[in-house]
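If you read the sequences in order, they're chains C and W. The opening position of the first sequence corresponds to residue 1 in the working numbering, with each subsequent residue numbered one higher. The opening position of the second sequence corresponds to residue 1 in the working numbering, with each subsequent residue numbered one higher.
Hints may contain errors.
Given that identical chains are not distinguished, each listed pair holds provided it fits within a single copy or across any two copies.
Capping the alpha-carbon separation at 20 angstroms, the derived lysine to any residue pairs in SDA-like fashion look like this [what the hints assert, rightly or not]:
#1 K113 x H207
#2 K113 x H256
#3 K243 x N94
#4 K243 x L208
#5 K113 x F229
#6 K243 x G147
#7 K243 x E51
Hints in this document: simulated from the structure, not taken from any laboratory.
Protein chains: 2
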Amino acid sequence: MTRIAICAPGKRLDREDADAVQQLVTGEAGIDLQFHPQCFARHGHFAGSDEERLAAFVECANDASFDAVWFANGGYGSNRIAADAVRQLGAAANAKRFLGYSDTGYLLAALYKAGIGQPAHGPMAGDIRREYGSGAIRRALDWMAGGDEGLEPSLDGAPAAAFNLMTLAMLCGTQLQPDLSGHVVMVEEVSEHLYAVDRLFFHITQHLPDIAGLRLGRISDVPENDRPFGASDVEIAESWCAKAGIAFLGRADIGHDAANRIVPFGVAGRRQRQ
Amino acid sequence: MTRIAICAPGKRLDREDADAVQQLVTGEAGIDLQFHPQCFARHGHFAGSDEERLAAFVECANDASFDAVWFANGGYGSNRIAADAVRQLGAAANAKRFLGYSDTGYLLAALYKAGIGQPAHGPMAGDIRREYGSGAIRRALDWMAGGDEGLEPSLDGAPAAAFNLMTLAMLCGTQLQPDLSGHVVMVEEVSEHLYAVDRLFFHITQHLPDIAGLRLGRISDVPENDRPFGASDVEIAESWCAKAGIAFLGRADIGHDAANRIVPFGVAGRRQRQ
Chain C
1 MTRIAICAPG KRLDREDADA VQQLVTGEAG IDLQFHPQCF ARHGHFAGSD
51 EERLAAFVEC ANDASFDAVW FANGGYGSNR IAADAVRQLG AAANAKRFLG
101 YSDTGYLLAA LYKAGIGQPA HGPMAGDIRR EYGSGAIRRA LDWMAGGDEG
151 LEPSLDGAPA AAFNLMTLAM LCGTQLQPDL SGHVVMVEEV SEHLYAVDRL
201 FFHITQHLPD IAGLRLGRIS DVPENDRPFG ASDVEIAESW CAKAGIAFLG
251 RADIGHDAAN RIVPFGVAGR RQRQ
Chain W
1 MTRIAICAPG KRLDREDADA VQQLVTGEAG IDLQFHPQCF ARHGHFAGSD
51 EERLAAFVEC ANDASFDAVW FANGGYGSNR IAADAVRQLG AAANAKRFLG
101 YSDTGYLLAA LYKAGIGQPA HGPMAGDIRR EYGSGAIRRA LDWMAGGDEG
151 LEPSLDGAPA AAFNLMTLAM LCGTQLQPDL SGHVVMVEEV SEHLYAVDRL
201 FFHITQHLPD IAGLRLGRIS DVPENDRPFG ASDVEIAESW CAKAGIAFLG
251 RADIGHDAAN RIVPFGVAGR RQRQ
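Just chain C, with the same shape it has in the complex:
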C-alpha cells in the first residue's frame, strides 16, 4: 500500500477534480489517496493563507504514515512558504517522495537544497482536468509507488532537475536555489510570449553557468504578439546557452500538458535501475 497525502501550496483544487482523481484509483488495492482539507480552502489568490498552506504541507510531510506528498496544483504561492516549510520538517519527511511542477518548483527546489526526501518534477492532481489527464495521473501514482515507467526518457544517471522556466528564474539567487552545478537542467513554459521566454533565458543562463547542460521542454500556448519574435523556442535556448557556455542538449519530454514526464531531482531516479 502506498499512502499519498495531497496538499495545495499555491492554487486550490476543485472538489470535482479531487473526486475524479479518487475515482480513478477506486478498486486499486495499492494506492490510498488522502486529500488534505486545505486543498479546498480559499484565501484571495491562494488555497488558504500562507499559514494554512504551510501548516498543511508540514503536516503531510511530517506524517510518517504517508509515503509521498503530492501537490494538488501550481498557480502561485509556494515561494511564500517554502523556506519556512523546510525548516519545520522532521525525519519522516526524509523518507518521502514529493511530486509537482509549475509553481510548486519553489518547494521542490527548497527540499532538494535541504536534502529532504526525493523531490521530482511531474504531474499533479489538478492535471486530471487536461485532455488525457488520467494518463498523467496514473504516471504520477506509479512513480510515487516506486515505479519508473514515467521517467523522462533522456535521464541517464547524470544528476538532473526540471523546472518551469519562470519559476527557475524567480528562484535563481534566492535562498531557495539549490546547487545545480553538474546537473542537466530541463525547463518548460506555458502562456508566455517568446520575448519573455528570451528574457528568462538571459536570466537563468547567467545564473547557472556551471550546469552540465540544458534541455528544453515544451513552450506551449504562446500568446500571439503584434509582431513575430523572429526566433523559435529552440533557437532562443540554443543562443543563450551558447553565450553562457552551457551545453544545449536538445528537447525534454516535459511541459504543461498530460504528456509531462517525471524528472526526479538528483540521480535518484535512476538508482533503482542500476
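Fit chain W to the given chain C structure using the hints.
Below, chain W without anything else, positioned relative to chain C:
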C-alpha cells in the same frame, strides 16, 4: 544648444511619433534632435538586429558632438546588447546623459555599473503617443538640457536608482547588475498580474537586501484575473520589504505614463542644487 541623439535599443519607433516629437521642438533654439535611422529599422521583434541596435547605440554614445543619448522606446531587447555596448564606449560617452526606462533599464544599469555618463530613468520619445505625452517629452528634454524641474520629488541627495520591476528582476544577479547597496530603489510596473508583481518582489528583495530603501511607483494596467489577489500593490511591496529587512519608503512618482518623473542614477541628480 543641446544636441540629443536618439536610438532604439529594443522596440522600433514609428516615423509619425518621431515627427510628432520633432514638431514639438520646432522653433526652440536650444534643442537639436537627431533620430538615428536605426530607430525605424525592423528585425522580428526588434528595431533591427542585435548588431544594428548595438552599433547605433555605440555610434550615438561615442559621438562627442552629442550631449545626450535618448532612448526611443522600451519593448524588449536592450539586455541582448548592453554588456557588449558598455565595452565599446569611449571618453565621449562619459560626458553624456542617457535617458530611458522600461526595457532600456538594462542599458542604464550597465552604464551605471561601468561608471559611464549620467544614466537616468525617465520618459522616452515614444511616450509622445500617450495622453498628455507632450508633457513627458518636455520633461525629458528639459533634463537632457541640464534642467531639474522633472526630477522625482522624493530625491533628497541619497543615491537612487529606478527600474521597471520586471527589468530589475531579470538583471539581478547578472553581469548587468550595478551595486545598489545604500541606494533608494524605485520600481514601477505595467500590465502584470498582481501575483506576478508579488513574485517579482520575492525575487528582487532577496537580491537587494542592503539597499537603503524601496519606493513603489505606479503598478498600472493590471489585468483582471479569475480571482482577486487579496492584497494591494502597496501591501505586496510592504510585505516583501518587511521580510527582507528593507525599509519601505512609500510611493514614487514614476510609472508607464506621461507623469513619469526623472530619477538620475546615483546622486548626480541633486548635485546641481547643492
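Results of checking the hints against the structure:
Both within a single protomer and between protomers do K113 and H207 lie at most 20 angstroms apart by alpha-carbon distance, with minima of 16 angstroms and 18 angstroms respectively. Neither within a single protomer nor between protomers do K113 and H256 lie at most 20 angstroms apart by alpha-carbon distance, with minima of 24 angstroms and 38 angstroms respectively. For the homomeric pair K243 and N94, neither the shortest alpha-carbon distance inside one copy (38 angstroms) nor that between copies (28 angstroms) is at most 20 angstroms. Proximity of K243 and L208 under a CA criterion of 20 angstroms is satisfied intra-copy only: 12 angstroms inside one chain copy versus 26 angstroms between copies.
Taking the closest pair of Cα atoms, K113 and F229 never come within 20 angstroms of each other, the shortest separation being 36 angstroms inside a single copy and 29 angstroms across copies. Taking the shortest Cα distances, K243 and G147 never come within 20 angstroms of each other, neither inside one copy (38 angstroms) nor across copies (40 angstroms). Taking the closest pair of Cα atoms, K243 and E51 come within 20 angstroms of each other only across two copies (15 angstroms); inside a single copy the shortest separation is 42 angstroms, beyond that limit.
Checked against the numbered hints above, the structure violates hints 2, 3, 5 and 6; every other hint is satisfied.
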